[in-house]
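K.L.:
Chain residues, written in single-letter form:
Number of protein chains: 2
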Amino acid sequence: MKKLLVVQKYGGSSVANPERIKLVAERIAKYKKRGRKLVVVVSALGDTTDELVSLASQITLAPAEREMDMLLATGEQVSSALLAMALQKLGLDAISFTGHQVGIITDTTHTKARILKISAERIKDALRKDKIVIVAGFQGMTENAEITTLGRGGSDLTAVALAKALDADECEIFTDVAGVYTADPRVVENARKLHYITYEEMLEMASLGAQVLQSRSIEIAKKFNIPLHVRSSFNYQKGTIIHTPPKKSKEAKAMEGALVSGITLNKSEAKLTLCDVRDKPGIAARLFKKLSSEDINVDMIVQNVSRTKQTDISFTISKSDLKKAVKIARGVSKAIGAGEVSIDSDVARVSIVGVGMKTHSGVAAKMFAALAENKVNIEMISTSEISISCLIKKSSSEHAVRSLHKKFNLGRR
Amino acid sequence: MKKLLVVQKYGGSSVANPERIKLVAERIAKYKKRGRKLVVVVSALGDTTDELVSLASQITLAPAEREMDMLLATGEQVSSALLAMALQKLGLDAISFTGHQVGIITDTTHTKARILKISAERIKDALRKDKIVIVAGFQGMTENAEITTLGRGGSDLTAVALAKALDADECEIFTDVAGVYTADPRVVENARKLHYITYEEMLEMASLGAQVLQSRSIEIAKKFNIPLHVRSSFNYQKGTIIHTPPKKSKEAKAMEGALVSGITLNKSEAKLTLCDVRDKPGIAARLFKKLSSEDINVDMIVQNVSRTKQTDISFTISKSDLKKAVKIARGVSKAIGAGEVSIDSDVARVSIVGVGMKTHSGVAAKMFAALAENKVNIEMISTSEISISCLIKKSSSEHAVRSLHKKFNLGRR
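Residue numbers (this note's numbering), protein chains in the order written: chain A, 1 to 413; chain B, 1 to 413.
Hints are supplied without guarantee of correctness; some may be wrong.
No copy is singled out in the list; a pair is fine if it fits within one copy or between any two copies.
Pairs of lysine-lysine residues, derived as DSS-like cross-links and limited to a Cα-Cα distance of at most 30 Å, are as follows [said to hold, decoys possible]:
#1 K129 - K112
#2 K129 - K319
#3 K406 - K247
#4 K267 - K164
Honestly, the hints are just simulated from the structure, not real lab data. Predicted model, so just to flag it, every value in this text is computed and none were measured.
Could you put together the complete structure from these sequences and hints?
P.N.:
The following block contains the structure:
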């Protein structure tokens, strides 16, 4: 019988210290005993990357990105060597490789390089010899043998790309949460772990605040139709499978019933309002062009319909961009003769996500009703094909999530 | 005018933290301004290597050497990237490379690999572009792209080997001492820094306890006749040049006068005595063969001339091997029907080193006289072509070094 080939990825918290590395090794040993071929991608130990960044920042605040990559790539090399040792200690035949050793070739965009191709010759060779292959995540090499890194969430990307290159049967992402939930279990007591979720929903949830997986790795998995199994490294329960549901299967039919898959909450945004703007074409464009040129992402935008010649423009941005954005908004306001710029940091964005809502009307109305019934005032609204977001007061946001979770009947039954 | 090409090596204490790295960068900037082409080899930051070894030891006490090399090689990659950043911060064009990026090809003896060849293409290319080249010391790569390390003192070896491969004009070893001294300045107040010393003397001193340079790098430098300049990274004074003196030069003539170049002291040995051994051929061989098969290096050996049929065999070993050696000695004693094994850890080995003594008699006599005049009892004696060692009580050893230093007139004049 052909052995299943599984790519597994373990995040930084799963390999935070030697004790945890030993636990991960024991877990891998169990999977190996079940007769699998295993390729394991590891992140750097816990805070290693932060510590390396801190070392660099003590030397210069503007390090060359090439040198940053030389520095940061060491983190995953350390964890992969240690994990190989831990497996060998258990009597298993394991071997660790750096990104360049397994031929992960990237473009030359240091600190956020894109993978161009993977030869994976050494991995295939080691698998033929029945070795467990450990690969340092997050890193690659350019055609000219320069070391590169893949940006935030880069180890997930390594795992997904290797699963594609090796034509793996499964790609498992082990992390410190048990899977993808209908809502944050810290907020909603009876939040339910989803058995399945589509790539689109997961992408939407990631962009709306769910921090399980980085968007780029989901995009790649979607592109090559590689199912991702997100699960906990601290127990043996199944997690959530991110995939494209097979058409007309039972599963797909069951899923059609679910209009809403999950609810996300994002407290990291702030709202700015530019008051008393003349209602004239081009004004909004001027503001948002300037913000964009300073690399500030604007999320929600609302411009009131005006009955006078004046209007207000409100928009949300990440709190980390607040200072810069206020300065820009004030500058634009002055230049166009508008009024003051008001700031509201006491806001939160609550969103419902689900492919089902594409074809069903009434989902938005149900959401607004649930909020109204619970006396939650909606300040701004934005929608996409598979999500609806409302900006509300932060103080009532967790209550709002719980209300929506109940209204859409998402809890454990 | 052709620019001088200089290979510099900075040890772990010189790059112990970001502050020190910045100081090293300023030093390199000064050399660069003098119009030199520079290739800089760095060790890992201060205690990094120890920390990595400790991580591994928390996982297994017998890590595979291949994985150990994967782990340890990261230390120098970190320091070389940080040094490149520090130079760039000063406005200099610097670039860091790993051992494998510059084509340092080694054999497959992990953790103490030997360099087979160095292509150095990327270094030459970067030098042509007038860049300062930083190379991670201590590491190389096998023909099969496996990462290797060169063992203790490996960064010195990298520097010497690069100096050879690049046909460099100079090879400077920056360390936390000012050079090679006639004796340890902490023991002998007026110890004199030597301007020159021969490879042979330096090798002898290294083997007798002087910790300035690892023997292997001296051997390579000697083989290819590369002068090494050992100097402090904390000031700009000249250090000690290790070389072969030009024949019949003034310098050589001046050196001929110096019978003794330096005095070393080694307190890390212990003496074992196997008592009441029958004076029969083969007994000593049996003991020392057994010790050698257990990887225990024996330094000095004395077997008393016996007037009865019994004799005592005394020998010295490193204190770190004491437990193992005692066990072996007791085993052999029992097997051959000899007496007890006595242990003396309160010993020290004081040695005089100098190429001059090869052709001059009387040096040994002068040494013994100096010790006798100072009431220092000699327990064992051993000699080589360019050194004489005496084992004495540890308590009187520093006094002995000072006496010999004075007797041979080695101090600052």
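K.L.:
Now look at each hint and say whether the structure bears it out.
P.N.:
Comparing the hints with the structure gives:
no. : hint        : result
1   : K129 - K112 : between (33 Å within a copy, 26 Å between copies)
2   : K129 - K319 : neither (51 Å within a copy, 43 Å between copies)
3   : K406 - K247 : within (29 Å within a copy, 95 Å between copies)
4   : K267 - K164 : neither (35 Å within a copy, 60 Å between copies)
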